[in-house]
Amino acid sequence: MAFEYTSFASGSSGNCYMVRTDNTAILVDAGIAGKHITAGLEQLDMVPADINGIVLTHEHTDHVKSVRMMGRKCTSAGVFGTKGTLDQIRDKLPENRAEAVGRSQDFVIGDVKVHAVPLSHDAADPVGYTFENGGRKLAIMTDTGCVTEEMYREIRDADSLVLEANHEVNILRVGPYPYPLKRRILSDRGHLSNMTCGDVLGRLLADRAGIGRDMPHVVLGHLSKQNNTPETAFLTVRNVLFEKDFYVGRDLTLKVAKRSEPMELMRV
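According to numbering that gives the first Met the number 0, the sequence shown holds residues 0 to 267 in order.
Hint data in this document are derived by calculation from the structure and do not stem from the laboratory.
Please note that a few of the clues may not be correct.
[What the hints assert, rightly or not] The calculated lysine-lysine pairs, modelled on DSS-like cross-linking and capped at a C-alpha distance of 30 Å, are:
#1 Lys91 - Lys112
#2 Lys34 - Lys224
#3 Lys257 - Lys243
#4 Lys72 - Lys112
#5 Lys72 - Lys257
Please model the complete structure; the sequences and the hints are all you need to start from.
What follows is the structure, encoded as structure tokens:
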């Protein structure tokens with residue numbers, strides 16, 4: 000089996016990803032109903048007992064909704080997150096199987112090297128993660144208002160990347176959200192817009208061209224239900240890249256994760 004991953008759901012209503020190799024399976028967040036996570040695993044001929052680790056990005060409900068249930072069902076899995084995250088959800092964690100990881104720390108789950116990457120989001124101590132196995136690298140980076148230089152260094156050489164494309168700025172600005180919430184989303188501690196996502200990918204592709212890296216596989220994630228659509232996210236990012244002389248299909252593959260159902264299994 001190759002190094003593989005999928006999204007069971009990715010959006011402002013709930014998030015959960017699964018990363019696996021021949022010997023290791025990892026859940027990234029558990030922000031959807033436990034029955035939906037179990038159903039997603041069943042589609043891959045897996046059961047919760049196959050999971051070796053659950054890694055958490057931050058404590059917001061759309062990322063930790065079912066941590067308690069999955070902690071019970073995934074009997075072989077430790078639960079990993081920063082101290083700031085774990086302190087916020089102590090009542091949800093399985094006894095003796097929760098482990099705090101430091102910002103920018105490497106740790107190992109089975110045969111996968113995991114690296115925690117600090118994000119810029121209004122949570123206690125949020126992180127994204129990179130996963131490495133067999134010389135291949137996957138990065139999952141959502142829920143951040145900007146891409147810091149540390150984040151960029153971690154995603155620049157990823158073979159596969161899940162990157163946030165949360166909102167279309169014009170839709171958000173004229174939409175029904177109260178002004179303070181709009182300011183929060185648009186801030187450096189909020190969420191990445193489609194335009195910013197496209198700009199980051201353009202910079203990444205320019206750098207990769209200079210070092211001869213293979214074409215990356217990119218998945219747009221954590222789309223807002225109110226302020227975005229899959230079609231809008233794809234078109235905005237594609238158009239930003241087109242203006243920089245990069246083309247979907249030639250310079251990268253580009254997909255959009257579904258908000259509330261599994262997407263196809265991706266190979267890193």
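Taking the hints in turn, this is what the structure says about them:
1. Lys91 - Lys112: holds, 25 Å
2. Lys34 - Lys224: With a Cα-Cα distance of about 22 Å, the restraint between Lys34 and Lys224 holds, given a limit of 30 Å.
3. Lys257 - Lys243: Within the cut-off at roughly 27 Å; holds.
4. Lys72 - Lys112: holds, 24 Å
5. Lys72 - Lys257: holds, 25 Å
Taken one by one, the earlier hints all hold for this structure without exception.
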